[in-house]
Amino acid sequence: MSDILDRARARVLDEGSGLAEADILEILRLPDEALPELLQLAHDVRMKWCGPEVEVEGIVSLKTGGCPEDCHFCSQSGLFASPVRSVWLDIPSLVEAAKQTAATGASEFCIVAAVRGPDKRLMEQMRAGVAAIREAVDIQVAASLGMLSQEQVDDLVDMGVHRYNHNLETCRSYFPNVVTTHSWEERWETLRMVRESGMEVCCGGILGLGETVEQRAEFAAQLAELDPHEVPLNFLNPRPGTPLGDRPVVDGKDALRAIAAFRLAMPKTILRYAGGREITLGDLGTRDGLLGGINAVIVGNYLTTLGRPATADLELLADLKMPVKSLSATF
Amino acid sequence: MFCDRCGLPAADGDHMACAAARALEPPRFCPECRRRMKVQVVPTGWTATCVEHGLRTG
Ligand code: SF4
Ligand SMILES: [Zn+2]
Ligand SMILES: [Zn+2]
Numbered sequence: 001m002s003d004i005l006d007r008a009r010a011r012v013l014d015e016g017s018g019l020a021e022a023d024i025l026e027i028l029r030l031p032d033e034a035l036p037e038l039l040q041l042a043h044d045v046r047m048k049w050c051g052p053e054v055e056v057e058g059i060v061s062l063k064t065g066g067c068p069e070d071c072h073f074c075s076q077s078g079l080f081a082s083p084v085r086s087v088w089l090d091i092p093s094l095v096e097a098a099k100q101t102a103a104t105g106a107s108e109f110c111i112v113a114a115v116r117g118p119d120k121r122l123m124e125q126m127r128a129g130v131a132a133i134r135e136a137v138d139i140q141v142a143a144s145l146g147m148l149s150q151e152q153v154d155d156l157v158d159m160g161v162h163r164y165n166h167n168l169e170t171c172r173s174y175f176p177n178v179v180t181t182h183s184w185e186e187r188w189e190t191l192r193m194v195r196e197s198g199m200e201v202c203c204g205g206i207l208g209l210g211e212t213v214e215q216r217a218e219f220a221a222q223l224a225e226l227d228p229h230e231v232p233l234n235f236l237n238p239r240p241g242t243p244l245g246d247r248p249v250v251d252g253k254d255a256l257r258a259i260a261a262f263r264l265a266m267p268k269t270i271l272r273y274a275g276g277r278e279i280t281l282g283d284l285g286t287r288d289g290l291l292g293g294i295n296a297v298i299v300g301n302y303l304t305t306l307g308r309p310a311t312a313d314l315e316l317l318a319d320l321k322m323p324v325k326s327l328s329a330t331f
Numbered sequence: 001m002f003c004d005r006c007g008l009p010a011a012d013g014d015h016m017a018c019a020a021a022r023a024l025e026p027p028r029f030c031p032e033c034r035r036r037m038k039v040q041v042v043p044t045g046w047t048a049t050c051v052e053h054g055l056r057t058g
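Protein chains in written order, with the working numbering: chain A, 1 to 331; chain B, 1 to 58.
Some clues are possibly wrong.
As the list claims (entries may be wrong) - In the DSSO-like style, the derived pairs of lysine-lysine whose C-alpha atoms are separated by at most 27 Å in a straight line are: (1) B:Lys-38 <-> A:Lys-321; (2) A:Lys-48 <-> A:Lys-321; (3) A:Lys-268 <-> A:Lys-253; (4) A:Lys-120 <-> A:Lys-268; (5) A:Lys-48 <-> B:Lys-38; (6) A:Lys-253 <-> A:Lys-99.
Unchecked claim - Label pairs and their calculated CB-CB ranges: (7) B:Gly-45 <-> A:Glu-37: 50 to 58 Å; (8) A:Leu-226 <-> B:Leu-55: 36 to 44 Å; (9) A:Gln-150 <-> B:Met-1: 49 to 57 Å; (10) B:Gly-45 <-> A:Asn-177: 47 to 55 Å; (11) A:Glu-185 <-> B:Met-1: 46 to 54 Å; (12) A:Ala-20 <-> B:Cys-33: 53 to 61 Å.
What the hints assert, rightly or not - Computed list of chain A residues with no C-beta within reach of chain B, every gap over 10 Å: (13) Ser-93; (14) Glu-96; (15) Leu-122; (16) Glu-278; (17) Asp-283; (18) Ala-312.
In short, the hints are calculated from the structure, not lab data. From a predicted model like this one, the values you see are computed outputs, not experimental measurements. Each residue gets a CB set at the ideal place from its N, CA and C atoms; glycine is no exception.
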């Protein structure tokens, strides 16, 4: 048994405190032989501090493509030769998407827009869309609309948006290699306002952008400092036409090590499988992650790519005896 | 006819990788005219529209 796993057991499992950056790095450097024990510890931490429930969420793109920002992984930036065209979802289709999501048993529905930050038109669409969903569907509404002003934060609270997603994407030291049109600090500022507004903070990122293992540890520590309610973990799905379109996908074992490391950094957060898990982990790896620290999933399709059918994930959860967190449990 | 993922002529080259990727992606190019389609993904499916050749769904 390695020292770091002993230390992690005492600090994270017994006390519920997250690991510091140096320890996270040691976790990320554990050899493959230690992976089963690491995943078991991360799972024990999740079961003790979060419980067996899994939070299920659906997401939809309200405004796709044509974004003025240059996040190098993103097929929705208007600055790259990506085949993704700009398109808006109408309100009846938005409500239908929320209904389909609720029908899976999901408690969360997140409305996403590919923008630097919302303009007047987007905020008006949001107000109408959220009202229509709340009228017709029993589900919690979250949003992800880029960087916000204080006024927009207040407006979203007023609409009844209960959680706001804004990913830091990667650690502070690597961010300028991935995005040049805005800064990590600008993202942090939006997160600060969201936190103060009382909305739940959802903040994660993407692994496999070319960051080093040290930078992965740095990122986990920075997220832990932010202490978000939820951390969505994506793995790069290299998109044609983007600057990162030719990058390799994250190795499955490295992905599992990262899942466990993020859990040991943040024992009490909702750690969600987001995009890229299908290509990085496949079916078997998806199961391993759910037994290695993950306690939330996005079901169905993503924003511009497709996921596996919701039924496949729901069957897996049933098989693992992990109940889907019900809507009443989220209040 | 064109590959609906990369937009290149379907008869030129090998589109096996495109076909494999399409399991987890909607089409982006109209297979009849290679125009980029307007694609909307929703949790349970997708729609793709070519101005000339209309709507496809999946
Ligand atoms: S701000 Fe969002 S939509 Fe725009 S390029 Fe970056 S990740 Fe893509
Ligand atoms: Zn092709
Ligand atoms: Zn066409």
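Hints versus structure:
no. : hint                               : result
1   : B:Lys-38 <-> A:Lys-321             : 40 Å, violated
2   : A:Lys-48 <-> A:Lys-321             : 15 Å, holds
3   : A:Lys-268 <-> A:Lys-253            : 23 Å, holds
4   : A:Lys-120 <-> A:Lys-268            : 36 Å, violated
5   : A:Lys-48 <-> B:Lys-38              : 46 Å, violated
6   : A:Lys-253 <-> A:Lys-99             : 36 Å, violated
7   : B:Gly-45 <-> A:Glu-37: 50 to 58 Å  : 41 Å, violated
8   : A:Leu-226 <-> B:Leu-55: 36 to 44 Å : 43 Å, holds
9   : A:Gln-150 <-> B:Met-1: 49 to 57 Å  : 53 Å, holds
10  : B:Gly-45 <-> A:Asn-177: 47 to 55 Å : 35 Å, violated
11  : A:Glu-185 <-> B:Met-1: 46 to 54 Å  : 49 Å, holds
12  : A:Ala-20 <-> B:Cys-33: 53 to 61 Å  : 57 Å, holds
13  : Ser-93                             : 7 Å, violated
14  : Glu-96                             : 7 Å, violated
15  : Leu-122                            : 16 Å, holds
16  : Glu-278                            : 6 Å, violated
17  : Asp-283                            : 13 Å, holds
18  : Ala-312                            : 13 Å, holds
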